[in-house]
Amino acid sequence: VATVAARTHITTSVTGTASSSLLLAFNANRKGLMLSNVSSSKLYLSFSNPATVANSFMEMQPGSFLLLDQQLIVTNAIYGIWSNANGAAQATEFV
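Counting from 1, one number per residue, gives the positions in the sequence shown under my numbering.
One or more hints might be untrue.
Stated by the list, open to error - FRET-style restraints, in silico, Cβ to Cβ:
#1 N55 - N84: 36 to 46 Å
#2 N29 - Q90: 19 to 29 Å
#3 T75 - A6: 15 to 25 Å
By construction, these hints were calculated from the structure, which means they are not laboratory data.
Every value quoted in this text rests on a predicted model; they were computed, and no experiment measured them.
Glycine included, every Cβ here is placed at the ideal spot set by N, Cα and C.
Take the sequences, apply the hints, and build the full model.
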């Protein structure tokens with residue numbers, strides 16, 4: 001049985017917008033992250049700024065949830081853009 005070290009979490013809310021928004025800044029100490037699309041619109045995630053539908057690496061449906069931990073974690077900045085400006089994204093980062 002493997003043990004996991006205690007982690008600190010920081011949760012932020014980013015208002016939905018049809019313009020590119022920074023959801024999470026680059027963080028070399030990131031150990032995990034959770035993103036939730038709390039919107040009635042699609043959220044497109046990108047490692048590039050500005051985020052666009054064309055350069056997105058993932059399309060999050062309304063109400064969907066993404067968990068990246070351990071082997072899947074990325075330390076890059078993550079940007080997002082919604083198909084319509086409403087709702088928000090909840091981003092929780094573990095360090």
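Checked hints:
1. About 19 Å separates the C-beta atoms of N55 and N84, a value inconsistent with the hinted range of 36 to 46 Å.
2. Distance hint for N29 and Q90: a CB-CB separation of about 20 Å, consistent with the stated range 19 to 29 Å.
3. Between T75 and A6 the beta carbons are some 19 Å apart, a value that agrees with the proposed interval 15 to 25 Å.
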